[in-house]
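Please build the complex by placing chains A, E and W on the supplied structure of chain P, with the hints as guidance.
Number of protein chains: 4
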Amino acid sequence: MTILNRLRDGSLKLYELEKELSPIDAIRVRREFIAQETGAVLENIGIFSIDIERVVRRNCENMIGTVQVPVGVAGPIRINGGHAQGSYWLPLATTEGALIASVNRGCSAITKAGGADVRLLHDGMTRAPVFATDSVIHASSVCNWVTEHHDELKTAAESTTSHGKLTGIATFVAGTSVYVRFEFDTKDAMGMNMVTIASAKVADLIAAGTGARLIALSGNMCTDKKPAAINGIMGRGRSVVAGVALTHELISRVFKTDATSIHEVNYRKNLVGSARAGSMGFNAHAANVVAAMFIACGQDAAHAIDGSTCITTVDLTETGIYVAVTLPSLPVGTVGGGTGIETQQECLKLLGVAGSGTPPGTNARKLGEIIGAAVLAGELSLLGALAAQHLARAHQQLGRG
Amino acid sequence: MTILNRLRDGSLKLYELEKELSPIDAIRVRREFIAQETGAVLENIGIFSIDIERVVRRNCENMIGTVQVPVGVAGPIRINGGHAQGSYWLPLATTEGALIASVNRGCSAITKAGGADVRLLHDGMTRAPVFATDSVIHASSVCNWVTEHHDELKTAAESTTSHGKLTGIATFVAGTSVYVRFEFDTKDAMGMNMVTIASAKVADLIAAGTGARLIALSGNMCTDKKPAAINGIMGRGRSVVAGVALTHELISRVFKTDATSIHEVNYRKNLVGSARAGSMGFNAHAANVVAAMFIACGQDAAHAIDGSTCITTVDLTETGIYVAVTLPSLPVGTVGGGTGIETQQECLKLLGVAGSGTPPGTNARKLGEIIGAAVLAGELSLLGALAAQHLARAHQQLGRG
Amino acid sequence: MTILNRLRDGSLKLYELEKELSPIDAIRVRREFIAQETGAVLENIGIFSIDIERVVRRNCENMIGTVQVPVGVAGPIRINGGHAQGSYWLPLATTEGALIASVNRGCSAITKAGGADVRLLHDGMTRAPVFATDSVIHASSVCNWVTEHHDELKTAAESTTSHGKLTGIATFVAGTSVYVRFEFDTKDAMGMNMVTIASAKVADLIAAGTGARLIALSGNMCTDKKPAAINGIMGRGRSVVAGVALTHELISRVFKTDATSIHEVNYRKNLVGSARAGSMGFNAHAANVVAAMFIACGQDAAHAIDGSTCITTVDLTETGIYVAVTLPSLPVGTVGGGTGIETQQECLKLLGVAGSGTPPGTNARKLGEIIGAAVLAGELSLLGALAAQHLARAHQQLGRG
Amino acid sequence: MTILNRLRDGSLKLYELEKELSPIDAIRVRREFIAQETGAVLENIGIFSIDIERVVRRNCENMIGTVQVPVGVAGPIRINGGHAQGSYWLPLATTEGALIASVNRGCSAITKAGGADVRLLHDGMTRAPVFATDSVIHASSVCNWVTEHHDELKTAAESTTSHGKLTGIATFVAGTSVYVRFEFDTKDAMGMNMVTIASAKVADLIAAGTGARLIALSGNMCTDKKPAAINGIMGRGRSVVAGVALTHELISRVFKTDATSIHEVNYRKNLVGSARAGSMGFNAHAANVVAAMFIACGQDAAHAIDGSTCITTVDLTETGIYVAVTLPSLPVGTVGGGTGIETQQECLKLLGVAGSGTPPGTNARKLGEIIGAAVLAGELSLLGALAAQHLARAHQQLGRG
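Chains as they are written, first to last, in the numbering used here: chain P, 1 to 401; chain A, 1001 to 1401; chain E, 2001 to 2401; chain W, 3001 to 3401.
Only chain P is shown next, with the shape it has when bound in the complex (with noise of 0.2 Å):
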């Protein structure tokens, strides 16, 4: 019988392919299966030029090949960061048109005015375990426990990793469950598996050591992939600030605008619209730019969700404006994940991140203050190009009257 004929009868399951054939074979048999079963023609999936062993090992299972995201370029964007340092070019793999066109734009105005100013606020990878307790007391005695456990836990979770570092334990109870949060610093990757494990290890000792069940290793006040407060306040991955300073004659002459129109753009939209609209992201489109970095870049593309967290300001000063972007929780590495995979690693390369960095966790940092100042860009472009449109509407209103 043809594996095909396997495939369809049930007898060899479509994730054991691997088992039978090289990783490539597999690939081939699998999308001709589903070509079959589905009537689609898969022609374009079935062309790729990465390496395939590593990544049906470690990136993707039951592999059909792969989509072509198209990568276009923004930039030269000078920053001065505190570890990024230079002129960058930004890759952005996106299907959004008018979008690399757009932080474009802002690269340019931001060079123009001398570059970004980039500061990493805190680093600090996160998991948060839940526990069931029997009772608020015995919640409460668990938080004791941890508190006076602190060396005890640390070198547990050291004990797990040769690289990452536990730089912070945090308990918090609502009700009879209690959820510890632990931060780590896990140098050039984003951490999440290493941070995992580590915790794991941690868990177990409190659970022996306390009498409570470890229910999940995540209980939602790490917080992953989801918007929440708590990587807000206590920030998550890299958290990064960015901003720059427009003269009125550079906000006039880039922009077609002046720093009043961008102003009042930024207060009514970024910050009373979305005030009004109960939203966590004070930015008009901060996304955009994260998730086309992030895919380009070989990051996870559901940490965009917690990475476009982005607070967008724009202050008034007597020489024209001051624009920043504060980034609280950008989870990214430069190692692992989908890091390794050729197209992204290009990307990270062209941005001179790719892989550890010397000190580890240079690279990442680098990579977070880079893709803050991008986030700048799209900011300042964005509220440039709908303040000009403000402005040319005023005009033509006074025209009008």
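Watch out, some of these pointers could steer you wrong.
Said to hold, decoys possible - Rough simulated footprint, nothing fancy, chain A against chain W, three-plus residues with beta-carbon under 8 Å:
| # | segment |
| --- | --- |
| 1 | 3071-3079 |
| 2 | 3228-3234 |
| 3 | 3260-3274 |
FYI, nobody ran anything at the bench for these hints, they're computed from the structure.
In this text, a Cβ means the ideal position worked out from N, Cα and C, and glycines have one as well.
For chains A, E and W alone, kept in the frame of chain P given last:
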């Protein structure tokens, strides 16, 4: 002077390459330039099979190539939807190891249980321009004017589009800012462009009729690509709910755990943990599935931010559990955006939803329901896995005791 | 056996005293009993002048007396509302020193500026029962049933009340839970009781018609006495907006500061600070004014939670600033609840809004607008004070430099 | 010219009356003036027994009298707290009929179950001034400066108070704004005044040391009197958790319902309903109890906004249910504010927590725990009542079938 030299000395802009070269050459030259500038070797980014002509016009400026994102399949999953009915193989583009295997197990459980119940609750893409007024009295009168001119505004909006229908207008005031949220039936398109164009037309009418100043076509009460309560409450894009009943026997057989344990994980993690974290996401990892399906299917990846807003519920029933996911704001389409790129379109074809449906709108609604079912599979699988470990530990602890 | 002994040995319950004694004696005996049990001397609690007969039936069980909350006045404040027009003295019941003085200064500034612009944007009290269904399909069909039976439900709802009118029904699904949010015009009553009785009637019809199980008459999507985005977005109670234009000259004279400083305080504190804190309150201290007015005027003090949800905005204008407050969910009434207690009713009379208005509803709407203006006075005053200190410090720093 | 005439013609300001008259006369004359101005008869407001001398200095400007708020008692409730231990009668000041009866039933159930478990999880009052900086680099360096000068700032802060201790400093950046959140152990005081004075001193040091401009002593990251995630996550005031285990037998006897029904009400209403509403309050009616206890006990009523933030949980256990309430930010004190007014102080005495505790802080912590238990009683009772109706209806429906 060579083109590369002209790029280098700034006499030719990077985005002007398409004016002098064919798209394919422009991409190649641009990539070479970036490679030289950054010292990075960009081999794989330049290998692609998609039709570039359209992509450079519609999807991506300053293109240098593509990233290849691995695509695997999970399934088949049986879906009993209002629009999607039958068995589906789900294409997921991801670099997160174990994700597809996890979704696959969820699909298997759902299919064994007879399929996922899915319903589209609401369908409407929105845009909310913001206007500045002189006073709260003026603001209030703008709202009244909009209400009184509803039919006129609807006619104007629909004059800009051959497909879209205006289905609702809501006004919001915050001080002197007025937000007018337009909702459209955009048929098979995700529809942001259509809606923006229509909103621009209507916004001009409102400005002219009321003397309010249009500040921005998006006032962040749309709300696009930011987590926002308004999307949950009023719906945005395709609002989908999916659920499945699992018997005690099935839970035990597929997940090696029991109803109570799955219920407890959901309760302490997804509900209480999220509440305690100040999170807008009451789910385990909806974002993983939404992002992977969006990238595979040519959706706007930044829309995973709003698209992944999800409440996961687990009801204890007499026969086992009923697990459900509620996704109030999935912005998806099967025409436009990245849906026409060959690899992405093949993923849509694999689902039987590429292009316009008959009647228009049915393909996008199907896609919304399929993604709803896929999220259900992902949630179910992760909850089951967490519960099984939790149960295993409980047994172990008892064994020790 | 004496009554106190019977209370002591449990043969008489504390709440049964009114069965054997007149209200005034029951209160006295109960207070004596509590004094003996706790060893506390309860002299002043027993001194009151209000009519106890009604209070023990309607407002307070197990009564032992009253607390005396100091009441002061701020004003007069000129109000140019849709309902409230003229000059008002605001009664504020508070123990927070400096609050009334602060509001008073705000009233003075507003009056000097020609009065507060105020408008009622929406008016409707809500109740949202929650139903359990068997599946998401059942849930979806319950929503459809409700939509189809709108007129029948409206008739049933209105049969339970002589005043209330059903003005809206909205359905929400979360998994198998269905929330049906009823909105009523409750005229001069705050209306929770009226609305709850009407909702009970309609909820039974829905349960009978659809087979859904009614779980609770309030499913927390009302949302009553909790901060909730839904109230901001859909409105609840009286939705009010109030604003005032202040000239540079007035700002300087009354507040000893300037437009830019007030604007900056609002920007960095009320907008950006609140966003950064994950707050639902974008204001300085609206709660102070709302709570003080509510307690003075016999409103339900717990309603200050939803009532104080407020966005404060400061626009820079050519002539100075325009300051506004937006209060989307003020649950207030002038009949029922504590409004009939003599001291509280005197406060309502002082505002000219005691009892039913002509036509019904106008008194409560006036009260809503007055509270809106009072909040504006409080915000303005605190912003002005903060800005003045800030300006003073700035001058001091310059002086030093 | 009479005083009334001078008030009328503006030559004497209403707030100047105390300069010419004794407090008691000033209040009377002011009330007469207001009565004449408004045409309202203000008889009862003028009847009070509290000591006016202190009130007019500390609690209330422009006083015209008091409102009498009915006070009833619920209890006794047995409390097994870390600080409060024993049986308590709860004083509740309210005008909402049925509230005290409901809390009373909850107290009875709790006491029958052996008492409420209560623990104080955290204790610290906060103030967070906001500073403006020139750039994000400046902002970042201000944070570093604060960290480096921790001891110096602590010394300065504590020099302003004889009781308070600085227990924490946290810095937050949003663009160019820096928020420095100071936390203090304020012993038996609620502590806002103490903390504000200390923060002012420290804020001046920070401004002088860094060149940052102090914009406002409260930057809304405190967060005071607004619902805010930061208070839940970091705690503010007294963080309290209270719980109780109820057996099946007790549930049946006291509440005429069963464990499953109570659990279902909490699940669909307090957890899922609140999530769906975008609410920050995951409880049934905590605000009712917090507001009523606050008003009775001389707490700042506007603090009910932050104080009532509460998550109510119901765990299914082998023997019945465990119900708990988590209140992360109860701002309460037993000295200062309105606690010294006679009627309010009698309520504190009734609880045995008036004035300073031995050692300092214990009275306020007791009060925090007592309010936690009171909220538990209120939640339990309402959940029980809803569940009983729900069960009754279920039986009825079965009967019909």
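Structure versus earlier hints - violations, ascending order:
1
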